[in-house]
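**Q** What follows is each chain in one-letter form.
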Amino acid sequence: MIDIDSPAAANKFSGFKNFRDPLDVVVTVPSVTLTPSEYRGYGNSAAMGNANSVSIILAKPGVLPWRLVNGFVIFNTPHYDFGPLQIWLSAFYDGANLNCTVGIGNQDPGNINVTGFDVVFRAQLYQAPF
Amino acid sequence: MPFNPAAIAASSKTDSDKIIKVMSGSVAVPSVSGVPVVVNLDTALPFTYFKGRYSVDGGATWADFFSFKVDPVDVINSLQDRLDVLGYFITNPPTEPAGTFQILISNFNSSSYTLLYEVMFIAKPGLGVIDTEPTDYGSAYQSGFNYPKIAFDYSVPITIPGGVRQSTTFNHNLGRIPFILPFINSGNRYSLATDTIDAYSEVTIDTNDVIWTISNEGNFFDASYTLDLRIYHD
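Going down the list, the protein sequences come from chains Z and B. According to the numbering used here, the first sequence holds residues 1 to 130 in order. According to the numbering used here, the second sequence holds residues 1 to 234 in order.
Hint data in this document are derived by calculation from the structure and do not stem from the laboratory. Remember, it's a predicted structure, so these values are computed and weren't measured experimentally. Among these hints, one or two may not hold up.
Unchecked claim - Listed below are several chain B residues computed to face chain Z (Cβ distance under 8 Å; list not exhaustive):
no.: 1; residue: Leu174
no.: 2; residue: Gly175
no.: 3; residue: Ile177
no.: 4; residue: Glu202
As the list claims (entries may be wrong) - Listing some non-contacts, in silico: residues in chain B with all C-beta distances to chain Z over 10 Å:
no.: 5; residue: Ser31
no.: 6; residue: Thr43
no.: 7; residue: Pro97
no.: 8; residue: Thr100
no.: 9; residue: Ile105
no.: 10; residue: Phe152
no.: 11; residue: Ser155
no.: 12; residue: Thr204
For every residue, glycine included, the Cβ atom is placed at its ideal position computed from N, Cα and C.
Please model the complete structure; the sequences and the hints are all you need to start from.
**A** As structure tokens, then:
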């Protein structure tokens, strides 16, 4: 029995170790014209190595704030409805690579012109005791 | 976002994560059937922070919970054909016994899998006195690692009226973009905050605040949650 909230317990638990230097992966969405109901996806991945790890992933789409991305978390989020333009972000770490995807879609009955933008995905790996 | 020693000068007084239990196993997942595979783990823990991962190739590669895998055969229709793996504590016994951690696996791919899973449970404040399992991994300093320092732990109960989208601001004033772990207790589940479980949830981060927005726009009734947020120095 250990009181988890006691400072004396600090050395009786394994730490949750991270690896320094978070990794950035950039996905570039080019300027493009989307026809009605057209959806396109863009992706990028980078090797991260460090097996036995789990991740926390943030993303910064264009001028928007950083936000947390966990796998497929951001489907159908109104925050990313810019008028007729819908944006999804998806990223996951597979034990070897950070895989990032940006989806854009047109919800308008007419064509829309999308101005290109970058999405920066930033991942920190944490060593798991597996 | 480099490590910032100046922000944690009093390092001996700065708390770090504590792993209190690890659980693992395997389960057979049939090809697309429309029926999720459910794994219930008896953690004997109060609900607490966690991170989990899974493998469908015998442990060669792993992916975090809350991410999906697409079968290469089905990649053309990737939004529909995929393997989703979620993990959360059940918080509304007697649906499941207290302390049940549930893994929910939905397979829309045309392949069947033997799925391996591993979950580590991380102490959050207020757990108090608990039983722990012996571990064979120590916390001795290793130069190749950094132990992430906890800057803030927040736990905030909120109620959102029906038809409303509400934001809650958590101040950190770190002057940079911190990594975070946000968990939400909906009364049914204690889960990493995503829009896939119980509530649409969006977490944005700037150099001073974490802003957590939850939508209750689709309901006529009030919704109550507890938001637990861990903000890291590094």
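**Q** Indicate, hint by hint, whether the structure satisfies it.
**A** Now for the hints, and whether the structure bears them out:
no. : hint   : in the structure
1   : Leu174 : 12 Å, violated
2   : Gly175 : 14 Å, violated
3   : Ile177 : 5 Å, holds
4   : Glu202 : 5 Å, holds
5   : Ser31  : 20 Å, holds
6   : Thr43  : 14 Å, holds
7   : Pro97  : 21 Å, holds
8   : Thr100 : 20 Å, holds
9   : Ile105 : 13 Å, holds
10  : Phe152 : 15 Å, holds
11  : Ser155 : 13 Å, holds
12  : Thr204 : 4 Å, violated
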